[in-house]
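Undergrad: Chains as they are written, first to last, in the numbering used here: chain A, 3 to 305; chain B, 15 to 314; chain C, 137 to 565.
Please keep in mind that the hints were generated in silico from the structure rather than gathered at the bench. Note that the structure is a prediction, hence the values are computed from the model and not measured. If a hint is listed, it holds; no wrong ones were tucked in.
Think about it this way: if two alpha-carbon atoms lie no more than 25 Å apart in a straight line, the pair counts; the simulated SDA-like pairs of lysine to any residue are:
#	chain 1	residue 1	chain 2	residue 2
1	B	K133	A	W294
2	B	K133	A	V23
3	B	K133	A	P221
4	B	K104	A	G127
5	B	K133	A	I22
Some chain B residues near chain C, calculated using beta-carbon distances under 8 Å:
#	residue
6	A73
7	S253
8	T266
For each residue, glycine too, the CB sits at the ideal point set by N, CA and C.
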Amino acid sequence: MRTARGRRAAIPYAFLSPAIVLFVLFLLLPIGYTAYLSLRKVQVSGLGLGAGARREVFAGLENYRVAVGDSDLWWGMVRVLVYGGILLPAMLGLALLFALLLDARRVGARRFSRLAIFLPYAVPGVIATLLWGFLYLPQVSPFQRALRELGVGTVDLMGPTTIYGALVNIALWGGVGFNMIVIYTTLRAIPAELYESARIDGASETQIALRIKIPLVTPAIILTSVFSIIATLQVFSEPTTLSPLTNSIPSDFTPLMKIYRDAFARNDIYSAAASSIVVAALTLTVSFGLLWVLQKRAFGQER
Amino acid sequence: MSTLMVNAPPADSRTAASPAPAAPPRRLAVLPTLALLAGAVYCLLPVMWVVVASTKSGAELFATSTFVPSTALFDNVSELSAYRDGVFWKWMLNSALYAGGGALASALVSGLTGYTLAKFRFPGRSVIFNIMLAGVLVPQIVLAIPQYLLLARVELTNTYLAVLLPSILSPYGIYLARIFAAAAVPDTLIEAARTDGAGELRIAGSIAARLMLPGLVTIFLLQFVGIWNNFLLPFIMISDDEKFPLTVGLYTLLNQGATLPALYTLVITGSLLSIVPLIVLFLYLQRYWRADLLSGAVKA
Amino acid sequence: MTRKLAATAALMLGAALVGGCTDDDGGDGDGPVELTFWSWVPNIELAVDAWNAANPDIQVTVSEQAAGDDLVTLVITAAGADEAPDLVQVEYQALPTLVSNDVLADISEYASGVSDEFAEGLWQQVTLGTDAVYAIPQDSGPMMFYYRADIFEELSLTPPATWEEFAETARTVREERPESYLMTFSATDPGWFAGLSQQAGASWWNVSGDAWNVSINDPATLRVAEYWQGLVDQDLVDDQPMYTPEWNAALNDGTQIGWVSAVWGPGVLAGNAADTAGRWRMAPLPQWSEGEHVTGNWGGSSTGVTTDSEHVEAATEFAIWLNTSPEAIEILVREGGLYPAATSGQTGPALAEPPAFFSEQTDFYELASEIADTAAGFTWGPNVNVTYDAYRDAFGAAITDGTPFTDAVNQMHQTTVEDMQRQGFTVTG
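Pulled out of the complex, with its shape left as it was, chain A reads as follows (with noise of 0.2 Å):
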């Protein structure tokens, strides 16, 4: 490794190396922590009070058998299935729509539109979620007294299936901007000239969008499809802010929320870091393989 040649080599792990550290650091070390600690469990003797009165000993793979057989976490899943299923689809046309309309000829208020629209991305999502709250609520909402005046009544935004609307919309509210974004810019960068042809050809705007636009922005899809997944199976301080104001959220209603609850509420980290196992690795296995698809896209032809 004294050779010039040697040196060469080990560069690019010299400068991997600040990453790789953090990575260990902070995420490695972490996941492997969590996962030792899904194997132990606290052990109380006695009436649990005074010094010394609880031990951690290892509980083998009872918290694994405990998180599985929990009926509540795979609620949880099936919740943000449904969840998910609503709001991707919404979230990514509208996304697309709004781009396509941002690149297209004749549309007006185009600049202010797209700040407005890309405005709530730099709103946290706790404080979107107490706003939208205050507009749900039927004796504070301006929505619902505009609509008890229309002679319409009061709207249950927040009960037990019209909740799953209400978390859409906040987190639709929050994610369409940044998506069009993504999308739009992708757009801008493609040669108007593949486009002029089709135009003299007589091509409507909306055949141009569909036949030569949106085929050419699919890697922009797919990237804000992978990462919007993986944002909606995290799905967590939306509905977390939200259940204070209704009955309508448990406090395991997303498998996060769970984990949160085990964790924070319950004070049983244990359990909690069994089922961040689990749902990791639930998570690992989807997302993965949509990547692994991304990645084919973006980089096939990076040799």
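We have chain A; now place chains B and C onto it with these hints.
TA: Okay, now just chains B and C, sitting in the frame of chain A:
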């Protein structure tokens, strides 16, 4: 081939400086314009509501529920500023520090990592990349407690570093940086610099970094927003309320327990003020996202 | 770029070293003892400032935190890493949980002398019925009934003396003012339900020998659940959570004209419905049988010293001063809106005047003190957090699904027992 934001088209007939497509609109397409405006109104309404709500006094907030503004904005802001000797502004400063410092370090580390992964051939390259990318799949909730316990071992909890250090590594940022590097830094340029006898550090630090600058700015801004909006990590790591970022600080105002009223007026005014710096940043973000990024790509 | 990177790394390393060195608890040398204190009580720093001015040797720094369950978790997590503050604000129901997690130090050596300052029931809350002392009581939350006197007068109603009358009152309100409710049943406030159960004579936990006896679904609790179910089913009370913007608006515009709450209620009402000042009155809680005088506690907290503290004696000294000295109590009452736990404080000058929001009710604190004396005793278990969580989920589901409230109580019981068994507690009953 065609990738996120950076594309390497032969030429871009539409110049980066003008945001609108080149062809001047002859007649406005009404329906598409209306659709776009509907989206804009939908996104603006809740923000409008905060603006209006922050002008209302505590009594008016729940007694009047329309978009009619009141006159208490100044009172609310001064009440918020007076709250616990101006702790709100400290939170604002902390947020800027966490987000600014974390995003800067993140952009640098992501840039170097992405450049290395894109431009060097070495054993383990794709394995390292894939494993790092998988990091995006691990939810923060899973990591937060172990991170806390591990940082506590080295006595770093309740310090600025406790929030800064875990925020640096960004799988998304590395992913973007790799794409930027692949598109914006030509192999021939690197080879030419090597032939001229330039060291690898110099190539990475001056040539590649300059070409990747728009990409690095984008990563910086993405991370900035991400850290600014983060709640869980500082919530767990920081116990000293003088070191809270805005999200945690506002949460403590809201969550006063059963024996006290939530300080809604302060929270709403605080929310409005906390969005303002990001909006200012976004006006920049827009410019970089469009002009600099594309020109960076065009340069390649 | 790499130079910058190296500089950043060096900077961080340097900061890490500095951070590591300065992160001490103070008091190692000749300097003053430095204590940290986590609390959520507003303006408590005014009391702390007064202490710091008078005690240069023991300096306390307060850090304002989010209230309730969040703080319990944060303290337990911090204690797990030996990073807990010296002093911490603890609600009574969280004391066994914290003691069980070895977070709170036994301060009986320095504090047992002050037991006379407090009513026996309150002192028992901080000893958990043992010889140890785990905290100094700060405030209590005897429950009472608040109502809009103006609307009651308009409807020719008087404050109900029994729960039966309460139901009748609720019915009259619905008939005479269809847009209004007397009250709401909140599935998000387990402390409220626990207080009402205490009044009915519930005993959720008790200790026999080395075993915990758990009976959350005891007849008294089931009775409370059935009673409220009756009101909710007949639409005599609302079923939406308290402490929401919706509820605030309802208090303001007279949609909610009553509130079963506790002695700290005026502060909440003043904050949420400032314009209704002077229109509210307080009365004792309705009783289960005529002529009875019993109430429960909702809320109330204490000041604990942690096992991580290196200055237990100094911290205890501060905790005792904070909760028994007339000076501190006056600040806590005036600025923090607390009802003091110390007996002397309840007759002190700070409570001579009624709360500003109830200025018409001149005997407010006299009445409050009478009510406080009738509070039922209660033993909290070592996993109240789990029970409270189960309350929110079970009652939330019962309201949305229309299932019996008694099932929800059974669910609370079952979840609590299972959790204790899993942890290895010996559970009977």
